[in-house]
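If you read the protein sequences in the order shown, they are chains A and B. Using the working numbering, you'd call the opening residue of the first sequence number 1 and step up by one each time. Using the working numbering, you'd call the opening residue of the second sequence number 1 and step up by one each time.
Bear in mind the hints are in silico, worked out from the structure with no lab data behind them. Keep in mind it's a predicted model, so treat the numbers as computed, not measured. Using N, Cα and C, we set each Cβ at its ideal position, and we do this for glycine too. One should not assume that every hint holds.
Under 7 Å between C-beta atoms, here's a sample of chain A residues computed to sit facing chain B [as the list claims (entries may be wrong)]: (1) Ser48; (2) Ala70; (3) Ala71; (4) Val74; (5) Gln80; (6) Lys86; (7) Trp88; (8) Glu90; (9) Asp95; (10) Leu99; (11) Gly100; (12) Phe102; (13) Ala103.
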Amino acid sequence: MLEIERLQVGYGEIRVLEGCSLHVDRGEIVALLGANGAGKTTLMRAISRLIDPIAGSISLEGEDITRASAAHVVDAGLAQVPEGRKLWPEMTVEDNLLLGAFARRARPQTAASLAEVYAIFPRVKERRRQIAGTLSGGEQQMVAIARGLMSQPSLLMLDEPSLGLAPIIVAEVFASIRKINASGTTVFLVEQNVAGALELASRGYVLETGRIVMEGSREQLLGSEIVRKAYLGL
Amino acid sequence: MQDTLATLISALLAAGLYATMSYGLALIYGVLKVINLANAGVLMLGAYVTWWMWDAFHVDPLLAPIVVLPLFFLFGIVLERVAVRRVIEQEPIVSLLLLFGVWLILQNIAYAIWTGDTRSIETPFIESTFKLGGIQLAWPRVYVFVAGALTLAVLQLFLTKTQFGRAIRAVSQDREAARLAGIDVERIYAVAFGIGIALSAFAGSLLSLLFPFGPDFGQALQLKSFCIVVLGGLDSFVGVAFGAILLSLAEAFGLRYMAASLQNLISFVLLVVVLIAFPKGIAGIIRSLRRV
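Full structure from sequences and hints, please.
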C-alpha cells in the first residue's frame, strides 16, 4: 500500500532522514517508533508532500507520489492527522469536518462520511456546534482523527495521537483507532508512547537520528534490547 | 439632543463606508498574511473607473459595480499570480515594498490617463437629500451604508456557508492543515487576493459618489483602514465592522470638540491606544469572552 525507499529529506543544510525504507501493507496497523527529533514528523510531512525529499521514492498503491502535490496525495487516498491536531481553531467542529471532505474523492459522500464519523465519535457529534479551539485536548484529537476520516482515506497516518492526553483519554483514542482499522482502513502510526503503540500495531519500525535501526513484528520489538532499554525503560 | 442624534446617525453612515474599504485589506491579510499597501491605489482606480464610465458612456454610477467587481477581481488574480505569490513566504518588508511600488505605479497610470485634475460625479441621486425627524440626510450616504452592510452579510454567508468560503478561512487559520485536507492553498491565495482587490475597488466606486477625487485619493483613507483593521483584529469581518463603527463614532464626537483639520489625529491616537491596550483587537476581546 505504502512503499518508501531510501528516502532522504532535509531542511536547508540539515539532513533529517538519511535513507529510510519501509512499507505498510493493506489492512495493517504499523507503528513508527522513535525519540523526539528522530525525524518521525519529517517523514510524515514528506509522505504527505508538505516537503520535498532530496532523494529516494514514495509510492502509494503502486503510484509514484514522490513529486505529487499535497492535494493529489489526499485524492489518492492518504490522510494525515498531524502532530498537535492542527484544527482550524475559529471554526465550528462541524465546519472542520466538512472541510475534511474537501478532496474530490470525498466530496460526493460528505453526508455519509459525516454520519460515519459521528458514529465512531459520539462525543464529537455532541460538540459539533462548538468552536474547535474551545475543546479539550482529547476532544480536539478526536475531531482531528474524524476530520482525517472525512476524506475517505484508504491509508490513515497519525502523528503522535496520544501527545499531551491523560491516560484514560489515550485509551479511548487508541480504541477508536482499532475500530477504524477493523472497518478496513490501513493505519500508519507515529508514537513516542511505545508501549501503547505496540499494543495497537502488529508491526513496527524504530527510527533513530534519521535511520531505521530496527524493524519487526510486535513480539520481536517488545523482545528486543533496543526497544526495552531505550523506550520501555525495562 | 437633536445634535447628538444627528452626529450619531452621521457616524453610523460613515462606518458603513469605512467598513467596506477595510474588508479587502482584512481578507488579504487574513489569508495571505500580506499587508496590501496598494489598497489606496485600488480605491482610487475603482473611483476612476466609475467616474469614467459615467463621464464617457453615461453609465449610472450605481450600476458601475457590475463592471468594477469582476474587472478588479481579475486584476487581483493577475497581480497575485505575477507578483505577490513570489514574496508571500519572505520577510514582511518585501511584500510591503512590492505593494507600495504597485500603489505608485497605479497612481502614475491614473496621472497619465486622467491627468491630475480633481474629478467628481454629479447625478440627481447624488445630490438628493431627505429629512428624517428634522435631520437632513443625503441619499448617497444612506446608499453607501446599505451597500457596506450588504457586503458584510454576503461575505459572512460566503465564508461560513460555502465549501470554498470555508476553505478560505481554513487557509487563514492553518495553512498546513488546509494542505493536508487537499485544499489547493495557492489557488485560495489567488482567489482571496482577487476578492480583496475587488472589495477595495467596490469601496472606491462607492467613495466616488460621496467625494471628489484625484490620483492621490485614498491616502488618508488607507491609514484609517489600517486603524480599523487593527481595531477589528485583522481577520474578522464582524470585528472590522465594529472597528469601523468605533472609529467613526470617535471621529464624529471628537470633532465636536476640536478643529476639523485634526480629524485624522483621532484615528491614529485610537490606533496607538488599541495597540497598547488590546493588541488582539476587538475580535480578540470577543474571542476571550466566548472561551469563558
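Hint-by-hint comparison with the structure:
Proximity of Ser48/A to chain B holds as hinted, the smallest CB-CB distance being about 6 Å (cut-off 7 Å). Against a cut-off of 7 Å between C-beta atoms, the interface hint on Ala70/A holds, since the closest Cβ of chain B lies about 4 Å away. A distance limit of 7 Å between C-beta atoms decides the matter here; for Ala71/A the minimum to chain B is near 5 Å, and the interface restraint holds. Hint status for Val74/A relative to chain B: holds, with the closest Cβ pair at about 3 Å, below 7 Å.
With its C-beta approaching chain B no nearer than about 5 Å, Gln80/A sits inside the 7 Å limit, and its interface hint holds. Taking 7 Å as the C-beta cut-off, the interface hint given for Lys86/A holds, the closest approach to chain B being about 4 Å. Because the smallest distance between the Cβ of Trp88/A and any Cβ of chain B comes to about 4 Å, under 7 Å, the interface hint for this residue holds. The criterion of a C-beta within 7 Å of any C-beta in chain B is met by Glu90/A, whose closest approach is roughly 6 Å, and the hint holds.
Of the supplied interface hints, the one on Asp95/A holds, with its beta-carbon coming within about 6 Å of a beta-carbon of chain B, less than 7 Å. Nearest Cβ of chain B to the Cβ of Leu99/A: about 5 Å, under the 7 Å cut. The hint holds. With its C-beta approaching chain B no nearer than about 6 Å, Gly100/A sits inside the 7 Å limit, and its interface hint holds. Below 7 Å, beta-carbon pairs count as interface contacts, and Phe102/A has one with chain B at about 5 Å; its hint therefore holds.
Among the interface hints, the one on Ala103/A holds; its C-beta lies about 4 Å from the nearest C-beta in chain B, closer than the 7 Å criterion.
This entry satisfies every hint, going by the numbered hints stated previously.
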